[in-house]
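J.: One letter stands for each residue in the lines below.
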Amino acid sequence: MIELENVAYSYGGGDLLSDISLELQPGSFHFLTGPSGAGKTTFLKLCYGALTPTSGTARLFGTDRREMQRDDIAMARRRIGVVHQDCMFLDHMSVADNIALPLMVSGRDLLGEAANLKELVTWVGLSERAKARPPELSGGERQRAALARAVIMSPDVVLADEPTGNVDWEMSQRLLRLLIELNRMGKTIMIATHDLALIRSAKAHVQARVLRIANRRLQLAGADL
Amino acid sequence: MMVDDTQADRVVPPTGFTATLTLFSAAAMAFLAVFALALSLATGRLADRWGDELARSATVRISAPEGQMAAQTQAALKVLQTTTGVARARALDNDEQRALLEPWFGPDLPVDMLPIPQLIEVIEEGQGFDAQGLRLRLAAEVPGAVLDDHTRWRQPLVNAASRLRLLGWVSLLLIGATTAAIITLAANAALAANAQVIGVLRQVGARDAYIVRAFVRRFTLRALAGAGAGMVLGCLAILLLPAAQDAGGFLTGLGFQGLSWIWPLVVPPLAASVAFWATGAAARRMLKDLP
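Order-wise, the sequence lines are chains A and B.
For the first sequence, our numbering begins at 1 and goes up steadily by one.
For the second sequence, our numbering begins at 1 and goes up steadily by one.
Derived from the structure by calculation, the hints contain no laboratory data.
Accuracy of the hints is not assured; some may be wrong.
As the list claims (entries may be wrong) - DEER-style ranges, computed between Cβ atoms: (1) Val266/B to Ser36/A: 57 to 63 Å; (2) Ala195/B to Asp72/A: 21 to 27 Å; (3) Gly107/A to Asn159/B: 58 to 64 Å; (4) Ala195/B to Glu136/A: 20 to 26 Å; (5) Leu174/B to Gly125/A: 55 to 61 Å; (6) Val266/B to Gly186/A: 56 to 62 Å; (7) Ala181/B to Arg209/A: 52 to 58 Å; (8) Gly14/A to Val266/B: 56 to 62 Å.
Virtual Cβ for every residue (Gly too), placed ideally from N, Cα, C.
My request is simple: use the sequences and hints to build the entire structure.
T.: Below is the structure:
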């Protein structure tokens, strides 16, 4: 699905990540932790093809990132849902339209998908806010809208970068439950977070592998997690 | 582009300074283009008229002692009537000669009391006459006759009119190039201002072609609307210009005549085409620079 093999990434002359190897298996659940600035976001960007490794090999659905054309990357991103901490939306469109954006850009019939869209909006608890504009949403609502947008194409993998960074504990638990539910549907999940309490609470409900980035390398986290 | 994927341009924010900039610049350029077009067509007509009318006529001037004026005039008319290429020739009467001199000497000039040369108007036909041959015949048979075939002062006028026409077309080209430059700048500004939109679209799996199409469609339609408004305003302004008077007929009316009113209709599609290519190139260039 997504494979990183001895991947290193440098920027501005300095190594950000070194010797990273990982294979995301279908249906697996991963947490990625580490201090701020450790390289979690860079790692996720390597996973969804936004960055090309400086050395080593990143394979997205079996294809080496270096051999992928721009259109190939666009197609791969339709199979990888991404949720950012500072989730960006098209502010001139409604929340429902933003959630449906991946369908729109892939040329799918929006009318035919209307029922799925409605169901998804309900699933993330935004039925009442579907016609609102993104700037009118609270932090938690934005995260849920971003999650709905990330999964509307029924991707194989969902990558979430600090999805609970801007929300309170109750909302972070709600988002976590949604991600666990997706995992139970067979989706591969990776959540980058420095919130260890979130990881501990998740482990009570899901078999999760916890990885840590330290000193530019990827390690399996200790038993405390 | 008009029917395919009408959803595409929804992703581009419909308002903002770049929208206003594109609309305004397209409207202003179309307005100027209509005037440049009118100028080109008017100067074209002027050049043709000067060229044709003056090329089809000539003047014979007879300067002779008072007692010989009538005889020499008759002799010159006889020569002219037997000259190939001359359709007709006629001596101007006193009233016509007075009218010609009126701008310089006033309305009450006593033409018959002054030693003014007699003028004969010569109208050509077919390929015209052999000016050199006619001069030789007149020199032999009518000693006081001088042929003026207008070449001396017609050519500079025709040259001037042709230069004016060229100036009109150069203005049109410059306006087209400026339109392209302004729309390209507006497109670049729009792409820069919408970096977040592009980021979101790429994140959700939009291909470059989709993003380009969205911006191209939006800018092409804006340029078409702006240029349409500018064209209508330009045509109205030309319609409101004072009509050419007989006295100013020499300079002809600035505007469109008959079927030439079709030409302004070409301006909006041309502006839209410029926007289409300029925005497409700018968008592709920008996307190419993104990882």
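J.: So which of those numbered hints doesn't the model satisfy?
T.: none
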